[in-house]
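Residue numbers (numbering that gives the first Met the number 0), protein chains in the order written: chain A, 0 to 232; chain B, 0 to 109.
None of these hints come from the bench; they were simulated from the model. Idealized CB from N, CA, C, for every residue including glycine. Treat the hints loosely; a few may be bogus.
Every beta carbon over 10 Å from chain B, so not counted as near; a handful from chain A, in silico [said to hold, decoys possible]:
(1) 54
(2) 59
(3) 64
(4) 132
Derived, one-sided and incomplete: chain A residues facing chain B with beta-carbon distance under 10 Å [as the list claims (entries may be wrong)]:
(5) 41
(6) 44
(7) 75
(8) 76
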Amino acid sequence: MNHTKRKKIICVIPAFNEEKNISRTINDVKKYVDQVVVVDDGSSDNTFKKAEAEQVTVIKHCLNRGQGAALQTGNEYALDQGALVIIHFDADGQFTAREIKDLIKPILEGKAEAVIGSRFLGKKSGMPWIKEWIIMPIGRLVNKILLNVTLTDPQGGFRALSRKAVSMIDIENDGAAHCSEILYKLTKQDISVLEVPITVKYDSFGQAIMGGKGRGTGGMRIVVDLIIAKLIR
Amino acid sequence: MLQSIVAIIIILFFLSKVIVKRRNNDISRNEFLLWLIFWLTAGFAVIFLKRIDSLVSSLGFSGSGIDILLYLGIAVVFYFIFRMRLRLEKIEQNITKLVREISLLNKNKK
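Just chain A, same shape as in the assembly:
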C-alpha cells in the first residue's frame, strides 16, 4: 500500500468455509490496503486457522449468520480501528484485487462516498449467460420495484465505502440481500454513489436460484428477505 500513508484503508473479507481460497485472497488484497480484516462466519473447515496464518486480523462468528452479518461485524470493527475507507471483498477469489485502486480513487478524490463495482459496465466477466441475461435483469427489476434502486449491478459484492457512508448505514439483512439493502440505504440517505466497472472470474455458477453457500443465499431467498425486510421496517 503506497498511495497514501494518512488514509487508513481497511478491507473486510467475509468468509464461510473458504479454506481453499482464503490465503490466496488475503495475499492478493494485502498489497492494496492498510489492513485486512477477515470475518470467519462460523466456518466448519480451517478457514480461521488459514486466515490467522496470514498475519491479518481475524474475527470469528461462533455461528454462521450470513454474509451481510459478517460484513456488518467487519464494518463495526473497521470503524473502531479508525478506517477512513472500507472495502468489501469476497473470499472466494472471484474479484480482482488490483481493481481496489479503482474503487478507492473516487472516494479519496472526494467524488463519491460509496463506489460500487459493476459487472455490467464493459469489462468482461465470463458470467454464465443465464445469469447475465435472465437472472440479473430480473434481479434489477425486483430492486427497482421493491427498493427503487436503479444501479446496473445491485447484487455486486465488491464495493468501497467512506467512513461517513459506513457510519450512516447499518446492515440488518444477514444474508445475500444485504447488497440491495446497502444500495437502498445509501440512496435513501443521499450518499453519493458511483459505479465503476470490475472484472469477476467465474469458476462456478455462484449463487443458484434456490440456494447457495451459507445462510441467506440464493435468488429466491434474496427476494423473500427483501420483502420481509420491507414488512418488518
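Starting from the structure of chain A, add chain B where the hints point.
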C-alpha cells in the same frame, strides 16, 4: 348435532388450556386475549351455524356456512404463519447481534 357437540368440546378444551396458560403466566395478556377471541368466535360460529348458513346464502355465496368457516380458518392460519415468520426474523436478528457482540468482545480481549 353430534358434530357440533364434538366441536364445542374441542373448543372448550382449547379454551381451558388458554386460561390455564395465562394463569401460569406462560403467555402474555395480549396473546391470551387473541386466543380467547379466536376460540370464542369459533364457539359462536359452531352454535349459530344455521344463522351463518342463511347469512352466507343471503350474501350470494353458494357454499354452506361450514365451508365459509373453513376458508376463514385457512386465512387465519396463514395470518398466524406470517406473524410467526416475522417474529422468527426478529429472533434471528437478535441472535446475529449476540454473535457479533461476542466475536468483537473476543477480538478486543486478545
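Each hint, compared with the structure:
no.: 1; hint: 54; result: 14 Å, holds
no.: 2; hint: 59; result: 6 Å, violated
no.: 3; hint: 64; result: 5 Å, violated
no.: 4; hint: 132; result: 32 Å, holds
no.: 5; hint: 41; result: 8 Å, holds
no.: 6; hint: 44; result: 18 Å, violated
no.: 7; hint: 75; result: 6 Å, holds
no.: 8; hint: 76; result: 6 Å, holds
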